[in-house]
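Colleague: One letter stands for each residue in the lines below.
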Amino acid sequence: MSIKLIKKGLSDRIEDLGRYGYQHLGIQPSGPMDYLSAQLANAILDNDLNNPVFELHFPASIFEFEQTMWICISGANFVPVINEKSVALNTPILVHPQDQLRCLQPLEGRTAYIAFKGKLDSSKAWLNSYCSFQTTLNKEDHFTITSDPVVAISFNPFKDHLIQQVQTSLFNEHEIRFIPGPAWNDVDPASIRQLMQADFSIDAKSNRMGFLLEGPSIHLSEPKQYLSSAVTRGTMQLLPNGKIIVLMADHQTIGGYANLGQIILVDLPRLAQLNNHSHFKLSITNVQTAHQLYRAKQSWFKH
Amino acid sequence: MQNQRPLFQIQLLGDHAIVFKITTGGKDGIDQQLLAFNAFIENETIKGVKDMILAYDTLTLVYDILIFDANPYLFASQLLEKYIAVSASIQPSKATIRLIEIPVCYDPCLGIDLQDAAKASNCSIEALIQLHSEKVYTVYCLGFLPGFAYMGDVPKAIQLPRHTSPRAKVLAGSVGIAGKQTGIYPMTSPGGWQIIGRTPLKIFEPHSATLTLFKAGDQVKFNPIHLELFHQLNAHEDVD
Numbered sequence: 000m001s002i003k004l005i006k007k008g009l010s011d012r013i014e015d016l017g018r019y020g021y022q023h024l025g026i027q028p029s030g031p032m033d034y035l036s037a038q039l040a041n042a043i044l045d046n047d048l049n050n051p052v053f054e055l056h057f058p059a060s061i062f063e064f065e066q067t068m069w070i071c072i073s074g075a076n077f078v079p080v081i082n083e084k085s086v087a088l089n090t091p092i093l094v095h096p097q098d099q100l101r102c103l104q105p106l107e108g109r110t111a112y113i114a115f116k117g118k119l120d121s122s123k124a125w126l127n128s129y130c131s132f133q134t135t136l137n138k139e140d141h142f143t144i145t146s147d148p149v150v151a152i153s154f155n156p157f158k159d160h161l162i163q164q165v166q167t168s169l170f171n172e173h174e175i176r177f178i179p180g181p182a183w184n185d186v187d188p189a190s191i192r193q194l195m196q197a198d199f200s201i202d203a204k205s206n207r208m209g210f211l212l213e214g215p216s217i218h219l220s221e222p223k224q225y226l227s228s229a230v231t232r233g234t235m236q237l238l239p240n241g242k243i244i245v246l247m248a249d250h251q252t253i254g255g256y257a258n259l260g261q262i263i264l265v266d267l268p269r270l271a272q273l274n275n276h277s278h279f280k281l282s283i284t285n286v287q288t289a290h291q292l293y294r295a296k297q298s299w300f301k302h
Numbered sequence: 000m001q002n003q004r005p006l007f008q009i010q011l012l013g014d015h016a017i018v019f020k021i022t023t024g025g026k027d028g029i030d031q032q033l034l035a036f037n038a039f040i041e042n043e044t045i046k047g048v049k050d051m052i053l054a055y056d057t058l059t060l061v062y063d064i065l066i067f068d069a070n071p072y073l074f075a076s077q078l079l080e081k082y083i084a085v086s087a088s089i090q091p092s093k094a095t096i097r098l099i100e101i102p103v104c105y106d107p108c109l110g111i112d113l114q115d116a117a118k119a120s121n122c123s124i125e126a127l128i129q130l131h132s133e134k135v136y137t138v139y140c141l142g143f144l145p146g147f148a149y150m151g152d153v154p155k156a157i158q159l160p161r162h163t164s165p166r167a168k169v170l171a172g173s174v175g176i177a178g179k180q181t182g183i184y185p186m187t188s189p190g191g192w193q194i195i196g197r198t199p200l201k202i203f204e205p206h207s208a209t210l211t212l213f214k215a216g217d218q219v220k221f222n223p224i225h226l227e228l229f230h231q232l233n234a235h236e237d238v239d
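Here the protein sequences come in this chain order: A and B. Using numbering that gives the first Met the number 0, the final residue of the first sequence is 302, and nothing's skipped along the way. Using numbering that gives the first Met the number 0, the final residue of the second sequence is 239, and nothing's skipped along the way.
For the record, the hints were derived by calculation from the structure and aren't laboratory data. Note that the structure is a prediction, hence the values are computed from the model and not measured. Glycine included, C-beta positions come from ideal geometry on N, C-alpha and C. Just so you know, not all the hints are guaranteed correct.
What the hints assert, rightly or not - Simulated pairs of lysine-lysine, BS3-like, Cα-Cα distance not exceeding 27 Å:
id, chain 1, residue 1, chain 2, residue 2
1, B, Lys155, A, Lys223
2, A, Lys7, B, Lys168
3, B, Lys81, B, Lys20
As the list claims (entries may be wrong) - Computed Cβ-Cβ distance ranges for the label pairs, DEER-style:
id, chain 1, residue 1, chain 2, residue 2, range
4, B, Leu73, A, Ala295, 15 to 23 Å
5, B, Glu204, A, Thr90, 40 to 48 Å
6, B, Asp68, A, Lys118, 30 to 38 Å
7, A, Ser121, B, Glu80, 39 to 47 Å
8, B, Asp68, A, Leu219, 35 to 43 Å
9, A, Ser121, B, His230, 32 to 40 Å
10, A, Ile61, B, Gln218, 49 to 57 Å
11, A, Thr67, B, Ser164, 47 to 55 Å
12, A, Leu219, B, Arg97, 31 to 39 Å
13, B, Leu228, A, His278, 33 to 41 Å
14, B, Leu228, A, Thr67, 42 to 50 Å
15, B, Thr209, A, Ser121, 43 to 51 Å
16, A, Ser121, B, Gln218, 32 to 40 Å
Taking the hints into account, I'd like the entire structure generated from these sequences.
Modeller: Listed below in structure tokens is the structure:
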């Protein structure tokens with residue numbers, strides 16, 4: 000026993016970068032809502048970027064550590080404290096037996112991540128992934144971690160630069176870009192104008208399956224039925240009531256609503272960290288740009 | 000042959016998926032060409048393709064941007080060209096299509112909407128059961144829940160709308176109708192389909208090698224069984 004959950008949070012999970020290869024069977028890939036922060040927490044601990052991490056939503060779970068190990072907290076700032084003493088984000092923290100980690104308030108962002116140094120018990124894996132399968136973390140859950148010998152974690156200028164780039168990308172930029180989808184040409188021109196000009200925010204009913212956007216009501220030029228087809232992370236579906244839902248980490252594998260477009264992968268971590276009251280605008284981009292941006296951001300992690 | 004309509008239309012689903020949409024056929028069941036194209040791509044084992052999802056008239060490839068170092072349009076058209084060259088010599092055969100028979104108990108104690116469904120269809124319960132069970136259905140796609148197969152088409156006389164507000168709890172194995180489609184709940188979950196029966200079989204087993212009983216393209220036939228046999232065979236955990 001290495002990490003114990005002593006109080007259940009709202010909807011915390013354990014996630015790695017996803018379970019792919021099973022969507023044709025209706026099994027969704029899951030993975031972290033903000034994969035950049037999950038990768039960052041792992042990078043700071045010199046872990047493989049795909050290492051499982053705890054994903055926290057506020058109010059978050061309370062964890063107790065049962066052995067000495069390194070952890071790192073990234074993503075949202077929920078004011079984490081260990082034994083009531085505040086600890087820094089994006090920095091390796093050495094925890095000791097009986098240390099308790101809790102989060103006090105959602106100061107910035109929506110989703111926080113805890114990475115740990117060591118190997119998680121493989122009985123928690125299913126289909127080559129540690130992603131929580133249709134379940135949240137519960138009280139009394141135990142995570143057995145085979146810890147590496149506790150050696151010092153390197154902290155070099157490369158990591159400083161990486162942290163700064165990720166933080167800027169998540170919290171100081173506001174653009175959410177999309178590539179128009181198959182139903183884009185079916186949208187009423189007046190609705191398109193509104194969609195491109197409006198301020199959107201995230202409805203409180205949003206969750207890991209999808210973010211419901213609060214904004215103008217969008218309509219098709221004429222009612223139209225679509226055959227269901229595959230949807231992915233970032234798909235913007237138009238619901239019959241005129242609202243847009245952006246599919247997130249736990250999206251279904253197929254969908255039959257009008258597919259307006261696709262938020263590009265590189266902007267999804269930023270969207271995932273927006274609070275309900277933050278406003279944002281949507282803008283159009285293309286595949287080439289989306290690929291360039293994604294490759295550039297992922298290259299931050301290589302040194 | 001030059002003026003033939005292209006077999007597939009290529010669409011990009013954002014920055015990490017490509018959709019091949021069949022332009023011919025696809026009216027009754029999944030088109031054989033779509034299944035053949037899916038099998039062709041499976042054999043190609045393309046680097047960077049993370050998922051291949053068949054649904055009705057589309058096949059979608061989900062790719063990893065970092066590994067998949069190609070212009071997706073160009074890649075998709077080249078893949079299609081290659082397939083068309085190869086497929087000229089191979090006729091898609093029906094021999095590979097599986098027919099899966101599913102025992103279903105249409106007792107009103109399990110098919111909790113059966114009575115209302117018969118009333119709404121203006122027929123007897125017996126007639127509804129016969130109409131639902133005599134047809135061979137095609138699995139158009141899997142989705143909604145792991146292993147949930149959307150099958151069709153349900154005979155017109157018994158096509159019923161979803162409930163206006165979904166039930167909080169539909170038991171695993173429940174067989175339902177929603178419009179033209181019929182399907183089986185793989186696990187106990189909320190759901191809005193009209194429930195007309197229940198199968199004792201598990202259709203999703205997270206720790207088996209195959210995981211799900213169905214895949215897109217399968218043919219499915221429901222065989223009515225009595226309540227006694229249902230209880231004997233019932234593999235679901237929530238045994239009443």
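Colleague: All hints, please: hold or fail.
Modeller: Hints, verified against the model:
In summary, the hint linking lysine 155 of chain B to lysine 223 of chain A is supported, as the alpha carbons are separated by about 21 Å, within the 27 Å threshold. The straight-line distance between the Cα atoms of lysine 7 of chain A and lysine 168 of chain B is roughly 24 Å, inside the 27 Å bound, and the hint therefore holds. At most 27 Å may separate the alpha-carbon atoms for a hinted pair to count; lysine 81 of chain B and lysine 20 of chain B meet this at roughly 17 Å. Between leucine 73 of chain B and alanine 295 of chain A the C-beta distance comes to about 22 Å, which sits within the given range of 15 to 23 Å.
Between glutamate 204 of chain B and threonine 90 of chain A, the C-beta spacing of about 43 Å keeps the proposed range 40 to 48 Å intact. In this structure the hint that aspartate 68 of chain B and lysine 118 of chain A lie 30 to 38 Å apart at CB holds, the actual value being about 31 Å. The hinted range of 39 to 47 Å is satisfied by serine 121 of chain A and glutamate 80 of chain B, whose Cβ atoms lie roughly 43 Å apart. Distance hint check: the CB atoms of aspartate 68 of chain B and leucine 219 of chain A are about 36 Å apart, consistent with the given range 35 to 43 Å.
One distance hint, 32 to 40 Å for the beta-carbon pair serine 121 of chain A and histidine 230 of chain B, holds here, with the actual separation near 37 Å. Between isoleucine 61 of chain A and glutamine 218 of chain B, the C-beta spacing of about 52 Å keeps the proposed range 49 to 57 Å intact. At about 52 Å, the beta-carbon gap between threonine 67 of chain A and serine 164 of chain B stays in the expected band of 47 to 55 Å. For the hinted restraint 31 to 39 Å between leucine 219 of chain A and arginine 97 of chain B, the CB-CB distance of approximately 38 Å keeps it satisfied.
A hinted range of 33 to 41 Å is violated for the C-beta pair leucine 228 of chain B and histidine 278 of chain A, which are about 60 Å apart. For the pair leucine 228 of chain B and threonine 67 of chain A, the supplied restraint of 42 to 50 Å is violated, since their beta-carbon distance comes to about 58 Å. At about 22 Å, the beta-carbon gap between threonine 209 of chain B and serine 121 of chain A misses the expected band of 43 to 51 Å. The beta-carbon spacing between serine 121 of chain A and glutamine 218 of chain B, approximately 38 Å, falls within the hinted interval of 32 to 40 Å.
Going through the hint list in order, the structure does not satisfy hints 13, 14, 15.
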